[in-house]
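Chemist: Protein chains in written order, with my numbering: chain A, 2 to 390; chain B, 20 to 317.
If you are wondering where the hints come from, they were derived from the structure by calculation, not from laboratory data.
Hints may contain errors.
Stated by the list, open to error - Heads up, incomplete: computed chain A residues facing chain B, CB under 10 Å, no partners named:
1) P123
2) H142
3) P143
4) F167
5) D170
6) D221
7) I243
8) A247
9) A248
10) F319
11) S367
12) I369
13) A370
Said to hold, decoys possible - FRET-style restraints, in silico, Cβ to Cβ:
14) B:V297 / A:K105: 39 to 47 Å
15) B:S38 / A:K208: 40 to 48 Å
16) A:D209 / B:S38: 48 to 56 Å
17) B:V297 / A:P22: 51 to 59 Å
18) A:A356 / B:V297: 35 to 43 Å
This structure is a prediction, so every number in the text was calculated from the model and none was measured.
Quick reminder that beta carbons are idealized off the backbone N, C-alpha and C, glycines included.
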Amino acid sequence: MKLLEHEGKEILKARGVPVPPFGGLIKTTAQVQAALKRAGKAPWVVKAQVLAGGRGKAGGIKLAKTPKEAKDLSKAMIGMNLITHQTHGQAIKVKELLIEGGVKIERELYFSVVMDRKNAGPTIITSAQGGMEIETLAEEHPEAIIRMPVDPNVGLRDFMARRLAFQLDIPATHTAAFVRVTKILVKAFIDLDCSMLEINPLILTPKDVMALDCKMSTDDNASYRQPELAKLKDHEASALEIEAKAADISYVGLDGTIGCMVNGAGLAMGTMDTIALAGGSPANFLDVGGGANEERVSKALNLILKDKKVKAILINIFGGIVKCDMIAAGVVSALKKIKLKVPLVVRLQGTNVDAGKEILKKSGLSIIAADDLWDAAQKAVAAAKTEAK
Amino acid sequence: MSIILDKDSKILVQGFTGSQGTFHAKQCIEYGTQIVAGVTPGRGGQTHLDRPVFNTVHDAVRNTGAFVSMILVPAPFAADAIMEAVDGGCSTVICITEGIPIMDMAKVKRYIQQVERSGREITLIGPNCPGVITPGQCKVGIMPGFIHKAGSIGVVSRSGTLTYEAVDQLTKRGFGQSTVVGIGGDPINGSSFSDILAKFEEDDATDAVVMIGEIGGSAEEDAARFFKDKMTKPVFGFIAGKAAPEGRRMGHAGAIVEGGAGTHASKIKAMREAGITVVENLSGIGEAVAKSRKPLAA
Numbered sequence: 002m003k004l005l006e007h008e009g010k011e012i013l014k015a016r017g018v019p020v021p022p023f024g025g026l027i028k029t030t031a032q033v034q035a036a037l038k039r040a041g042k043a044p045w046v047v048k049a050q051v052l053a054g055g056r057g058k059a060g061g062i063k064l065a066k067t068p069k070e071a072k073d074l075s076k077a078m079i080g081m082n083l084i085t086h087q088t089h090g091q092a093i094k095v096k097e098l099l100i101e102g103g104v105k106i107e108r109e110l111y112f113s114v115v116m117d118r119k120n121a122g123p124t125i126i127t128s129a130q131g132g133m134e135i136e137t138l139a140e141e142h143p144e145a146i147i148r149m150p151v152d153p154n155v156g157l158r159d160f161m162a163r164r165l166a167f168q169l170d171i172p173a174t175h176t177a178a179f180v181r182v183t184k185i186l187v188k189a190f191i192d193l194d195c196s197m198l199e200i201n202p203l204i205l206t207p208k209d210v211m212a213l214d215c216k217m218s219t220d221d222n223a224s225y226r227q228p229e230l231a232k233l234k235d236h237e238a239s240a241l242e243i244e245a246k247a248a249d250i251s252y253v254g255l256d257g258t259i260g261c262m263v264n265g266a267g268l269a270m271g272t273m274d275t276i277a278l279a280g281g282s283p284a285n286f287l288d289v290g291g292g293a294n295e296e297r298v299s300k301a302l303n304l305i306l307k308d309k310k311v312k313a314i315l316i317n318i319f320g321g322i323v324k325c326d327m328i329a330a331g332v333v334s335a336l337k338k339i340k341l342k343v344p345l346v347v348r349l350q351g352t353n354v355d356a357g358k359e360i361l362k363k364s365g366l367s368i369i370a371a372d373d374l375w376d377a378a379q380k381a382v383a384a385a386k387t388e389a390k
Numbered sequence: 020m021s022i023i024l025d026k027d028s029k030i031l032v033q034g035f036t037g038s039q040g041t042f043h044a045k046q047c048i049e050y051g052t053q054i055v056a057g058v059t060p061g062r063g064g065q066t067h068l069d070r071p072v073f074n075t076v077h078d079a080v081r082n083t084g085a086f087v088s089m090i091l092v093p094a095p096f097a098a099d100a101i102m103e104a105v106d107g108g109c110s111t112v113i114c115i116t117e118g119i120p121i122m123d124m125a126k127v128k129r130y131i132q133q134v135e136r137s138g139r140e141i142t143l144i145g146p147n148c149p150g151v152i153t154p155g156q157c158k159v160g161i162m163p164g165f166i167h168k169a170g171s172i173g174v175v176s177r178s179g180t181l182t183y184e185a186v187d188q189l190t191k192r193g194f195g196q197s198t199v200v201g202i203g204g205d206p207i208n209g210s211s212f213s214d215i216l217a218k219f220e221e222d223d224a225t226d227a228v229v230m231i232g233e234i235g236g237s238a239e240e241d242a243a244r245f246f247k248d249k250m251t252k253p254v255f256g257f258i259a260g261k262a263a264p265e266g267r268r269m270g271h272a273g274a275i276v277e278g279g280a281g282t283h284a285s286k287i288k289a290m291r292e293a294g295i296t297v298v299e300n301l302s303g304i305g306e307a308v309a310k311s312r313k314p315l316a317a
C-alpha cells in the first residue's frame, strides 16, 4: 500500500523524526486561514496530496509568502489535474492539500530505504545531491549515489550511520542529528514492513536534520501485523479493487475491453498478454485464486461485469487443485442470476476438464468454448470487436 | 538422474495435520512420494495419514532420516518454519506458503547464509510456489501430477498455473520433463533462476530447459547472463506481464515494474542477446521446443 505524504510524515513524527510545522490538511479554501495560523509565520508551503512523485515540477508544490497568496494558490490547486513524470501521461485530480510552515534549508540530501531484491533485504540509497529525482541522479551522477545494505536483524548501527555522514560530508555540527534521524528512519522501515521509504529531500536546518517530504509504501503481506497502517485508506485501489480484495480475489483494473477470469497470477498475466497478442486489450487482471469455489467464481464474474468497458469475457482455467467441473458449475450458477449481455469465451484445461466441458454444454447457455489459450484469446478478441460495433 | 528430488527422497511435511497439509500430503503420497513424517507442534506421537507426527523438525529428522521438508503452514508462521527446517537438519526446504511478509524472507535469507558459511549446503525453493516434481518419481508440492510425464526437459518458473500450462503443452507434444521447479513469485525467495539452471546444466537427465519468468526484479536478466557464461544446454524462455501497467502489483508480490526496472522488454532483450530462444506467445511454448527437437518416443 502507498501512503500519502502527510500520512507518512505523521508516522515518522510520532517516532521522533523532525518534520516542518503542520498547518493542516485542507479540502476547501475556507480551511486555509486556520491552517496558516497553526503552521506559524510566513512563508508557507502548499502541497498537493497525491501518490505520484515529481509534484514540484508539475506545479503541485508552491510557496506562499502572504495569506492571500496561500488562499489563491489553494483555490487553484484544489481540483487541479496533476500530470507528473510518474503518472504515465494520466492526470491525477488533487483532492487534498497539505499546508506546512516554511523552514530554513541549509542543505538538501537524498535518503531512501528500499527492499532490494539483489541484496535480499533493506538497502539505504543516499546522496549529497538532494532534491533531484533519484532516476535522474542515477543516470547523470551514478558516482554520487551511496548504497548500504542493512541486515534487518541488526538495523542501522551508529557506526554505519556515521560512515554515511562522513561520506555525505555532513558538518560535525549535524552528525549526531543525522545519525539519530537516519536510525529512526531505518527502524521505521523495518518495523512497519515497508517496501520503500523515500525522504527527498532530507534537509539540514540550522540546528537539526528534517524530513521535508515522505514517500512510503508498505508490504500488503504484512498488513495483518501492522495495526497502525490498517487504519489508513488504500488510495490507489479503485472501488472495484477494494471489493475484490474483500472477497479474496486479486483484481487490478485496466483500460481494455476484454474482462478476464483466470486461476493463478502468472497465468492471469499470461492471459492478458495473449489477448494483447491476438489484437485485443484486457480490461483487468483477475486471479480467482487456488482455492476458488463456486461462490468466488460467481463473485468474480460479477466484478468483471461491473466494469462498463467490458465487451467480452474470457475465462481461462488450468485445473490443478481447482477442478474444472467446479468452475463450470460456478459459471453456470452465476449466469442463472446475472443476465449476461456480452459474449463469454471459456477455456478449461487440467483436472476434470471433460466433466467441466460437459456441464457448460448441458447448461444451454450461449458460451463460446475454446480448446487452447490462443484459440480462446482470438475468439474473445473477435467477439469484443463485434460487440463494440 | 534429476535435480533436487528423486525416487529415494524422504520427505517430512510441516503443517501436516492442517487442512492444506492433509490434502496436499495425501496427493503426494498417492503420486508415490515417500512422505515419511509430519510435524505439528503439540501432536507428537500421533499418527496421521498412516505416518508418524512429531512435535519438532529436529525429532522428525532424527527418527525418520527425512532431509527434505515441504512447508504448508500459514504465512505468519512460515518464516519460522523454514528456519526450523534448516536448524533441524533438512538440506532441502520447499515452501509452498504464499503471502509471507517480505521482511521475514529477508531475515530467512540471512539465516540461511549464516548456516551455509558453517559449511552446510541448503536448497530453499519458494516460498509462494507450486513446489518441485520429478515426474514418475517424486512430487513435493501442489501441482496436478497427471499432466506431467518423465522425460528430459527441465522446467523452471516463477508461477504456478503458468507452469502447468507449459508442462501440459510439452507433455501433449511428447516431451517429458526431467524435473519441474517452481521458484515462486515473491521478490525475495530461496533459489533463483540461475541456481536452478546451474543444477539442470549439471544433470545428465536434462537435455534442454524451459524457463518461465515474469515482470519485476532482475532474476531473468541474471539468468540470461548465467546462460551466456556457463550453459551449454539450450534454454527456451517466456516472460509473462507484457500487457501489465507499470507500478501495479500483478497478484504476485514480486510481479511489479518499479522505477522503470524489471520490464518485459528488458528481460526479453537480455534473454535474446544471451542466446536464449524467446517464445512470445504463451501458447507456443510446446511448439517452440518441438521445432528444435525431436520428441522422444511417446
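Chemist: Take the hints in turn and mark each one as holding or not.
Modeler: Hints, one by one, checked against the model:
1. P123: At about 7 Å, which falls below the 10 Å cut-off, the nearest Cβ of chain B leaves the hint on P123 (chain A) intact, so it holds.
2. H142: Cβ of H142 (chain A) sits 16 Å from chain B, so the hint is violated.
3. P143: Since the shortest Cβ distance to chain B is 14 Å, the answer is violated.
4. F167: At 26 Å from the nearest chain B Cβ, F167 (chain A) fails the 10 Å test, so the hint is violated.
5. D170: 26 Å, violated
6. D221: 7 Å, holds
7. I243: Violated, about 14 Å.
8. A247: 16 Å, violated
9. A248: 14 Å, violated
10. F319: 5 Å, holds
11. S367: Not OK, violated: S367 (chain A) not within 10 Å of chain B, min 25 Å.
12. I369: Hint violated; I369 (chain A) Cβ to chain B Cβ min 17 Å, cut 10 Å.
13. A370: Not OK, violated: A370 (chain A) not within 10 Å of chain B, min 16 Å.
14. B:V297 / A:K105: 39 to 47 Å: 55 Å, violated
15. B:S38 / A:K208: 40 to 48 Å: 59 Å, violated
16. A:D209 / B:S38: 48 to 56 Å: Given about 54 Å between the Cβ atoms, the range holds.
17. B:V297 / A:P22: 51 to 59 Å: The hint (51 to 59 Å, Cβ to Cβ) holds, given that V297 (chain B) and P22 (chain A) are roughly 55 Å apart.
18. A:A356 / B:V297: 35 to 43 Å: 37 Å, holds
Hint compliance for this structure: hints 2, 3, 4, 5, 7, 8, 9, 11, 12, 13, 14, 15 are broken, all remaining hints hold.
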